[in-house]
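Asker: Dock chain B against the given chain A, drawing on the hints supplied.
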Amino acid sequence: MEQVPLSHVLILSSTLFFLGVYGFFSRRNLITMLMSVELILNSVNINFIAFNKYLFPHQLEGVFFTMFIIVVAAAEISLSIAIVINLYRRFKTIDIEDTTTMKF
Amino acid sequence: MSASTIIFYVLATLVLVFGAITVFSRKIFRAAISLLLSLSFIAGIYLLWGMDFIAALQIIIYVGGIVVLIIFSIFLTHRAGEKLSKPLPKRLLSAGIMAVIGLGFTSWVVYNNAFAPAVTSGAVEPTVHNIGLQMLNYTSYGYVFPFEVINILLLAALVGSIVIAIKKTNKEEE
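In the order they appear, the protein sequences are chains A and B. Just so you know, our numbering puts 1 at position 1 of the first sequence, and the rest follows in order with no gaps. Just so you know, our numbering puts 165 at position 165 of the second sequence, and the rest follows in order with no gaps.
For reference, chain A alone in the conformation it holds in the complex (with noise of 0.2 Å):
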């Protein structure tokens, strides 16, 4: 069977890495910023499961660090949730130019 060559796979990957990364960077808004970390982590799962399945292939290492990714991002996003339901609710606002308390 034909199969899509691996390049295009990296350039999706890499693609959706630096919309994650301009998102991180440009946003204002912290629940957006969680979102962009998402489609990071999104990303590098893509390319943990293309070089298992097309160089790799007698391994299953991909899929474990895929699993091991998935999991991490879960404890992540459960921790800031709560950072950022706190600093709602001392701040009444989101927004990372106002909640500047901690700010050297």
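Read the hints as simulated data drawn from the structure, not as lab findings. Quick caveat: nothing in here was measured; it's all calculated off a predicted structure. One or more hints might be untrue.
[Stated by the list, open to error] Partial chain B-side listing against chain A, Cβ under 8 Å, derived:
(1) L39
(2) I59
(3) I61
(4) I74
(5) Y111
(6) I150
(7) I152
(8) L154
(9) A165
Note that the Cβ used here is the ideal one computed from N, Cα and C, for glycine as well.
Answerer: For chain B alone, coordinates are given in the frame of chain A:
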């Protein structure tokens, strides 16, 4: 061009389009919904590659858990129909330059690299059986130690998020 190739390119385009809506939209709820769609199409790509278990994990954890959590927190912290404030022009410019340069450099590296498979024979089917066997194996290339470590990480995240988000009683705040 076979059907699976066409399906891959369609899915990739949809992933990128909805990812772009997630990043560029000024309406936060629309951004969250397009993040959900983007993650679902990524699960479609995994299905196309035969990675059933990872696609199921993606749907269950990302789409069913993380995005729903994000939508909950949007409802808790935003008024409906309110547009997001505009980003600062200086930061917009620096983020754009960073993303464009990074994307160009990565594409250049990818195109100038010939990826060759390390070993061509003996492919392992990514079935749940094989994944489970290798994950809980503690003799040859098993992943039982990271599995335990990730358990402790999840427990710590659970306790930590409860501790952070807990509402203090009035007596403690004073």
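Asker: Taking the hints in turn, state whether each one holds.
Answerer: For each hint, the structure was consulted:
no. : hint : result
1   : L39  : holds (6 Å)
2   : I59  : violated (11 Å)
3   : I61  : holds (5 Å)
4   : I74  : holds (6 Å)
5   : Y111 : holds (6 Å)
6   : I150 : holds (5 Å)
7   : I152 : violated (11 Å)
8   : L154 : holds (6 Å)
9   : A165 : holds (4 Å)
Checked against the numbered hints given earlier, this structure breaks hints 2 and 7; the rest are met.
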